[in-house]
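There are 2 protein chains.
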Amino acid sequence: MNNFKKINLTNEARQELHDQLGLTGAEISVNSLPAGTSIPFVHSHKQNEEIYAILEGEGSVVIDGENICIKAGDWVRISPSAKRQFFASKQSKLKYICIQVKANSLEGYTMTDAIVL
Amino acid sequence: MNNFKKINLTNEARQELHDQLGLTGAEISVNSLPAGTSIPFVHSHKQNEEIYAILEGEGSVVIDGENICIKAGDWVRISPSAKRQFFASKQSKLKYICIQVKANSLEGYTMTDAIVL
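So the protein sequences, as listed, match chains A and B.
In the working numbering, each residue's number is its place in the first sequence (first place is 1) plus 182.
In the working numbering, each residue's number is its place in the second sequence (first place is 1) plus 182.
Because the hints were derived from the structure by calculation, they are not lab data.
Be careful, since some hints might not be right.
Dumping the calculated EDC-like pairs for lysine to aspartate or glutamate here, alpha-carbon to alpha-carbon at most 20 Å [stated by the list, open to error]: (1) B:Lys253 with A:Glu194; (2) B:Lys277 with A:Asp246; (3) A:Lys228 with B:Glu289; (4) A:Lys253 with B:Glu194; (5) B:Lys188 with A:Glu194; (6) A:Lys188 with B:Glu194; (7) A:Lys188 with B:Glu238; (8) B:Lys188 with A:Glu248; (9) B:Lys187 with A:Asp256; (10) A:Lys228 with B:Asp295; (11) A:Lys277 with B:Glu238; (12) B:Lys187 with A:Glu194.
Isolated chain A, as found in the complex:
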């Protein structure tokens, strides 16, 4: 496998990056929910922590029955077992990144994992 891979995301459709980038430690998707729509199901995870970055628009996420407002600039961590469903507001689309990683898999990071040359 090459030491790096670059792609460009040019459209609004849902993109899943695991295979496109050759990821081994995460799955990442870039998503855009049109105004007034939602993910059509509630889901949780077996092993994976999810981290959501809201890039554009606003909406809400229901987590274990609690309704949380979200807007551009927000980041949300959700534990594997939590039941979640995302909604765009009636007025705007909701564009967001979803990062899936195995919970408790990170060991060192930044200054304990980096080698400065």
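Starting from the known structure of chain A, fit chain B onto it as the hints suggest.
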């Protein structure tokens, strides 16, 4: 630990999210390099794969001596051992997300890890 955590990033300074969000499978930083500047060192990693999402602006990244142009909408995976350094262009800042995950840590994902309720 709560089943979720939400934060809002309101300014341009570098933000490291591991502690703010209580992450256990990743470290994520949001960064903005002013026009004409660069990360002041070359680095690699011991264990961690890095994934970069370019949010705004343009610039370049040198990976193992190869110069790669980057702009908003680009995503780049970099293997742990690759030597890397990021530069903003002279004309624009470079705003990007950096996601650190342990290489080869992901097991199932999406349909093999999700539980649809």
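Taking the hints in turn, this is what the structure says about them:
| no. | hint | verdict |
| --- | --- | --- |
| 1 | B:Lys253 with A:Glu194 | holds (17 Å) |
| 2 | B:Lys277 with A:Asp246 | violated (33 Å) |
| 3 | A:Lys228 with B:Glu289 | holds (11 Å) |
| 4 | A:Lys253 with B:Glu194 | holds (17 Å) |
| 5 | B:Lys188 with A:Glu194 | violated (25 Å) |
| 6 | A:Lys188 with B:Glu194 | violated (25 Å) |
| 7 | A:Lys188 with B:Glu238 | holds (16 Å) |
| 8 | B:Lys188 with A:Glu248 | holds (13 Å) |
| 9 | B:Lys187 with A:Asp256 | holds (10 Å) |
| 10 | A:Lys228 with B:Asp295 | holds (5 Å) |
| 11 | A:Lys277 with B:Glu238 | holds (15 Å) |
| 12 | B:Lys187 with A:Glu194 | violated (27 Å) |
Checked against the numbered hints above, the structure violates hints 2, 5, 6, 12; every other hint is satisfied.
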